[in-house]
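Chain residues, written in single-letter form:
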Amino acid sequence: MIRHAVAEGWLLVRSRGVVSIVLAVVLAVPVSLAGVTLSVRGWLDPVIDLGQRENVVMVLLHPRLDDSERAAWLDDQARVHPGWRLEPVPPAELARRLGEWFPYLAEVLDREGPEMLPPLVEITTTEPEQVAELAGQEQVLAVGPTSSVNRLVGRTAQHLAVVLLTVAVVVAIGAVLLAAVWVHLELHRHAEEIAIMRLMGATEATVRGPFLVAVAVPSLLAATLSVGATVATVSWLARLAAPFGVVGGTPPWPVVAGEIVGAVGLPLAAALLTLERYAADDDE
Amino acid sequence: MIRLRDLTKDYDRRQILRGIDLAVDPGEMVFLTGPSGAGKTTLLRLLYAAERPTSGEVWIAGCRVDTLTRSELPPLRRKIGVIFQDFKLLRRKTVLENVNFVLRFHGVPSKEAHERAYQVLKRLGLHHRQSALPESLSGGEQQRVAIARALVYQPRLILADEPTGNLDADLAAELLSLLCDINYQGATVVVATHDIGLLESLPARTLVLHRGRIDYDGMWPP
Numbered sequence: 596m597i598r599h600a601v602a603e604g605w606l607l608v609r610s611r612g613v614v615s616i617v618l619a620v621v622l623a624v625p626v627s628l629a630g631v632t633l634s635v636r637g638w639l640d641p642v643i644d645l646g647q648r649e650n651v652v653m654v655l656l657h658p659r660l661d662d663s664e665r666a667a668w669l670d671d672q673a674r675v676h677p678g679w680r681l682e683p684v685p686p687a688e689l690a691r692r693l694g695e696w697f698p699y700l701a702e703v704l705d706r707e708g709p710e711m712l713p714p715l716v717e718i719t720t721t722e723p724e725q726v727a728e729l730a731g732q733e734q735v736l737a738v739g740p741t742s743s744v745n746r747l748v749g750r751t752a753q754h755l756a757v758v759l760l761t762v763a764v765v766v767a768i769g770a771v772l773l774a775a776v777w778v779h780l781e782l783h784r785h786a787e788e789i790a791i792m793r794l795m796g797a798t799e800a801t802v803r804g805p806f807l808v809a810v811a812v813p814s815l816l817a818a819t820l821s822v823g824a825t826v827a828t829v830s831w832l833a834r835l836a837a838p839f840g841v842v843g844g845t846p847p848w849p850v851v852a853g854e855i856v857g858a859v860g861l862p863l864a865a866a867l868l869t870l871e872r873y874a875a876d877d878d879e
Numbered sequence: 002m003i004r005l006r007d008l009t010k011d012y013d014r015r016q017i018l019r020g021i022d023l024a025v026d027p028g029e030m031v032f033l034t035g036p037s038g039a040g041k042t043t044l045l046r047l048l049y050a051a052e053r054p055t056s057g058e059v060w061i062a063g064c065r066v067d068t069l070t071r072s073e074l075p076p077l078r079r080k081i082g083v084i085f086q087d088f089k090l091l092r093r094k095t096v097l098e099n100v101n102f103v104l105r106f107h108g109v110p111s112k113e114a115h116e117r118a119y120q121v122l123k124r125l126g127l128h129h130r131q132s133a134l135p136e137s138l139s140g141g142e143q144q145r146v147a148i149a150r151a152l153v154y155q156p157r158l159i160l161a162d163e164p165t166g167n168l169d170a171d172l173a174a175e176l177l178s179l180l181c182d183i184n185y186q187g188a189t190v191v192v193a194t195h196d197i198g199l200l201e202s203l204p205a206r207t208l209v210l211h212r213g214r215i216d217y218d219g220m221w222p223p
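So the sequence lines, in the order shown, correspond to chains Z and V. Using our numbering, read the first sequence as starting at 596 and increasing by one per residue. Using our numbering, read the second sequence as starting at 2 and increasing by one per residue.
Chain Z extracted, bound-state conformation (with noise of 0.2 Å):
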């Protein structure tokens, strides 16, 4: 049975060469286009966590506040935005980080004391750019950093991911679909040699088998070909990233399985749920 679905599967498979070729790289290119996008979503994990990390954003307050001022602007700062973290930063701590940053501050911090400094409160946000309208108010200073260039970077390189992989799953339905379209049309160019074959006695997997080889051959070449241009694809990513310092590679092992078990088992379902749906007409 095996060697009737191998040998009448092939001679499908080389009446409609065109077909099995397009199908092939049809399947291909999505499973690849999949490959690549998370093999490199790999190497940019980092950058991408990074820019989900959350930020801090240091806002200097007017020196004339006094402390019910200054507490009853971080109490209503809190109550507007419930996401944010506030921490005052005490004079001394202050006083000590200028001092590290900026040595030459350190006599005149040692004479005038850390009291002369204006009030400092750090904000803990995923969203830096909120803190920086605060900027207008009449009791804040000054605002900042009210960016992050790791957060633009991360939050590119996960939509551009995103945008890909969908890209890859529509291409992929298609494939597919064109798969069960070409079973379907198959089915119906032998409609009449099934009937026969049905009457001489020919099980249901001897009836559908050729066909499951039909697609299994196509989908096989398109595992091969996706493979091959995700490795190549992505050594040449690797090549044009290393100068920016980011680490590349081969592919990471499941994700070429996944692309062998893709290209191979949805073309495959395909055309067993079409198999299952129209290869069940009556014999004649």
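No wet-lab data here; the hints were simulated from the structure. A portion of the hints provided could be inaccurate.
Stated by the list, open to error - Okay, the calculated bits of chain V under chain Z, using three or more residues with CB under 8 Å as the criterion: (1) 69-78; (2) 89-99; (3) 103-114.
Stated by the list, open to error - Partial selection, computed: residues in chain V whose CB lies under 10 Å from chain Z: (4) Y49; (5) A51; (6) I81; (7) V83; (8) F85; (9) R150; (10) A151; (11) Y154.
Glycine included, C-beta positions come from ideal geometry on N, C-alpha and C.
Assemble chain V onto chain Z, guided by the hints.
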């Protein structure tokens, strides 16, 4: 070998077969005759389960056929050799492939299937056309390929629907002789025909179907 009990078949409220009761013993040769539209082909189709009866029972070799599921049909059909009126040859396969592909369903190794198919074709005088496609054969040759396909796996029951319809008198006599040989070797043979000459050339049990009923069951000529 064959048991029919109160068999009825309707198409769109038109009764094709009405209350057929029949028993054919193993090794019997039976002719089924009657005018066109009498129900000969329908009766054969019910025997190889291409149709289900409207009511009644069909038994082949102790197995009730009319209640079999799709997955239970192939083993039954492998016990029956059917010679179709319209040949039902695979157009894209050669003569040899048309005959040996059936053996492959039966699990016969391809080399042996090839040899057996060739021998049957040789017996029917078609071995020199083994590589031809059916469309390049005459009606008589196509008929003989269909016969070769039905005989190649040596079934215990052979159903032939107008097997001599496309053959000249000599070939028809040759075919009849072949069917007799097979019957002599123990196979049950049921031949549907309206060829009176065929019936008269071989005294055998004959069923005359008329308007869906068996009008006569006995030796022919009466």
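Going through the hints against the structure:
1. 69-78: holds (count 7)
2. 89-99: holds (count 5)
3. 103-114: With 6 residues closer than 8 Å to chain Z, the stretch 103-114 of chain V meets the three-residue bar; holds.
4. Y49: holds (7 Å)
5. A51: Hint holds; A51(V) Cβ to chain Z Cβ min 5 Å, cut 10 Å.
6. I81: holds (8 Å)
7. V83: Holds: closest Cβ of chain Z sits about 7 Å from V83(V), inside 10 Å.
8. F85: Because about 8 Å separates F85(V) from the closest Cβ in chain Z, which is inside the 10 Å limit, the hint holds.
9. R150: holds (7 Å)
10. A151: With Cβ-Cβ at 9 Å, under 10 Å, it holds.
11. Y154: Since chain Z brings a Cβ to about 9 Å from Y154(V), closer than 10 Å, the hint holds.
Violated hints: none; the structure is consistent with every hint.
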